[in-house]
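K.L.:
For the record, the sequence lines run as chains A and B.
Quick note: to get the working numbering, add 52 to the position in the first sequence (first position is 1).
Quick note: to get the working numbering, add 324 to the position in the second sequence (first position is 1).
Worth double-checking, as some hints may not be accurate.
[Unchecked claim] Below, a list of computed lysine-lysine pairs in the DSBU-like style, where the Cα atoms sit at most 35 Å apart:
no., chain 1, residue 1, chain 2, residue 2
1, A, 74, B, 382
2, A, 92, B, 346
3, B, 401, A, 88
4, B, 382, A, 88
5, A, 71, B, 382
6, A, 90, A, 70
7, A, 61, B, 382
8, B, 393, B, 373
9, B, 346, B, 382
10, A, 105, A, 61
11, A, 61, A, 93
12, B, 373, A, 74
13, A, 71, A, 61
[Unchecked claim] Cβ-Cβ distance ranges computed for the label pairs, FRET-style:
no., chain 1, residue 1, chain 2, residue 2, range
14, A, 147, B, 366, 32 to 40 Å
15, B, 401, A, 70, 44 to 52 Å
16, A, 132, B, 426, 24 to 32 Å
17, B, 407, A, 64, 28 to 36 Å
18, B, 434, A, 125, 41 to 49 Å
19, B, 401, A, 74, 35 to 43 Å
20, A, 74, B, 365, 17 to 25 Å
21, B, 406, A, 125, 32 to 40 Å
22, B, 408, A, 90, 24 to 32 Å
23, B, 384, A, 61, 40 to 48 Å
The hints are simulated quantities; they were obtained by calculation from the structure and are not laboratory data.
Beta carbons: idealized from backbone N, C-alpha and C, even for Gly.
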Amino acid sequence: DTEVTQTPKHLVMGMTNKKSLKCEQHMGHRAMYWYKQKAKKPPELMFVYSYEKLSINESVPSRFSPECPNSSLLNLHLHALQPEDSALYLCASSQGLAQSYEQYFGPGTRLTVT
Amino acid sequence: AQSVAQPEDQVNVAEGNPLTVKCTYSVSGNPYLFWYVQYPNRGLQFLLKYITGDNLVKGSYGFEAEFNKSQTSFHLKKPSALVSDSALYFCAVSSSFDRGSTLGRLYFGRGTQLTVWP
């Protein structure tokens, strides 16, 4: 099974709301990622977790807060977002952080900030 | 720094014809090369990778890619295109030199939109 699941599929939120995106994998992978993708553009790395510890934070604004409660779950907490944060948010996982491991992506959450 | 170039924004090919989507890379150290495909409103799907060994790599759905070290290229190919292959294709690279804060990072090309017409 090479499936990464993400919920919700779509999310519309106001600039004062607090919401969370969820990601789950059951492949036994120890690295998990959050990406932001604008239409027709490559994904932009936001955060990387390895063995449930934050490994990379790409200078993401603090209105995005990641959490990795266990090796299978990854959350992204959203607060006071801006309209320019509207995008497809992708979660991915890989066996580890080694350069040779491919990443498996979830279907994404389409976020609209109004 | 590592980088990937996909020189074509758009590739159009007739169904049944061979297709090629181009990718060139620049890395320090040895490259690890990947191809991903993205269908509309979906996540990226892994197609194939080159780590070491045979320069011709075979992947999912009949796709293959050829690693050429002298030309620093990793072009994606398929002998006979299908309409269902129409999608956005991304080439990505990581490097054997990646350590610490760069470990786990994939460097993506800007993507190539493949359209296969019937």
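K.L.:
Now look at each hint and say whether the structure bears it out.
P.N.:
Do the hints match the structure? See the list:
no.	hint	in the structure
1	A:74 - B:382	holds (33 Å)
2	A:92 - B:346	holds (17 Å)
3	B:401 - A:88	holds (28 Å)
4	B:382 - A:88	holds (29 Å)
5	A:71 - B:382	violated (41 Å)
6	A:90 - A:70	holds (21 Å)
7	A:61 - B:382	holds (32 Å)
8	B:393 - B:373	holds (15 Å)
9	B:346 - B:382	holds (16 Å)
10	A:105 - A:61	holds (26 Å)
11	A:61 - A:93	holds (19 Å)
12	B:373 - A:74	holds (28 Å)
13	A:71 - A:61	holds (13 Å)
14	A:147 - B:366: 32 to 40 Å	violated (22 Å)
15	B:401 - A:70: 44 to 52 Å	holds (47 Å)
16	A:132 - B:426: 24 to 32 Å	holds (30 Å)
17	B:407 - A:64: 28 to 36 Å	holds (33 Å)
18	B:434 - A:125: 41 to 49 Å	violated (32 Å)
19	B:401 - A:74: 35 to 43 Å	holds (38 Å)
20	A:74 - B:365: 17 to 25 Å	holds (19 Å)
21	B:406 - A:125: 32 to 40 Å	holds (37 Å)
22	B:408 - A:90: 24 to 32 Å	holds (25 Å)
23	B:384 - A:61: 40 to 48 Å	violated (24 Å)
Checked against the numbered hints above, the structure breaks hints 5, 14, 18, 23 and satisfies the rest.
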